[in-house]
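So in my numbering, the last spot in the sequence shown is 585, and the numbers never skip.
Just so you know, not all the hints are guaranteed correct.
[Said to hold, decoys possible] Now the in silico label distances, taken between C-beta atoms and shown as ranges:
{"#": "1", "residue 1": "Pro-367", "residue 2": "Gly-502", "range": "16 to 22 Å"}
{"#": "2", "residue 1": "Thr-400", "residue 2": "Asp-526", "range": "34 to 40 Å"}
{"#": "3", "residue 1": "Lys-485", "residue 2": "Thr-363", "range": "33 to 39 Å"}
Treat the hints as calculated values from the structure; they're not laboratory data.
Quantities reported herein were computed from a predicted structural model and do not represent experimental measurements.
Here a beta-carbon is modelled for each residue, glycine too, at the ideal position from N, C-alpha and C.
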Amino acid sequence: MIAAIGAAAFLVAGLVYGDPRFVGLLDVRIGAGSGQSGQAAEPGGQAGGLAGGLAGGQQPGAERRTDAPPPGLEEADAPLGTPQAPPSPSDSYKFLATNDDGTPVGYSPCRPLHYVVNAEVAPAGAEQLVSDAIDTVALATGIRFIDDGATTERPSEQRAPYQPDSYGDKWAPLLIAWTTPEEAPKLKGQVIGTGGSTHYSFGDGPKSFVTGSLELDGPQIAVELTQPDGSRYATAVILHELGHVMGLEHVDDPVQLMYPEIGAPDGLAAGDLNGLYELGKARCRKDL
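Using the sequences and the hints given, assemble the complete structure.
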């Protein structure tokens, strides 16, 4: 089945932990695979589902479904990178979803994760902010990210994970969209970013993420960038949302970046890094 995992962070960062400029709250809902296409909006998150496909798991002679690409594109025999070992152990992390064997749902480390950026309303310096955050997550997970450049695709609550007319016969790339609350209604009030990924499985088999999306409130982040250390806070917001895209849940530990509120923008802490390290060891999927 296909299901979407969404995470909406009401992020406002402060110079010190607890600064009232930023408060945080997250509501996450995991779709149950209802047999409906796409992603349906929920307050503070996304949910949806698609009945399981045959691609990569079809029986000989069976027709390939049209809701998924041919399996195994760019899938190597071994992981393309190695996640960097965290500097210290920590169990201050949670996963958005796990498989029946207890392993976290993540992206296949044996294929690159392509991404595109809609920068129509991006603030000055946005390209470097995204690049720095991607590099940080790539190092922590070992996932190889590939920048496929600019896109005109806009954020959608019904984003299809497979868009052959736009991206060819492969899973759609991760969409990073600089947008506005008018275009992405979940970015209302102090909500400054949303992020989530779509996982795919065959029946009750193991799940893996195949694509995702990240929406950033361009005007709100532009204002934040005028503040002292604004670029550090903006980077922290992007890292927080990328953490959700990769599969991290919020935690109760205020030291971690995946805490619902951003205090001092110190980047990924030990728990965040340990969680991303585990996600970087997700299973390879030649069948997807």
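Confirm or reject the claim that Pro-367 and Gly-502 have a C-beta distance inside 16 to 22 Å. holds (18 Å)
Tell me if the beta carbons of Lys-485 and Thr-363 are separated by a distance inside 33 to 39 Å. holds (35 Å)
Regarding Thr-400 and Asp-526, is the given constraint of 34 to 40 Å on their beta-carbon distance met? This hint holds: roughly 37 Å between Cβ atoms.
Of the numbered hints listed earlier, not one is contradicted by the structure.
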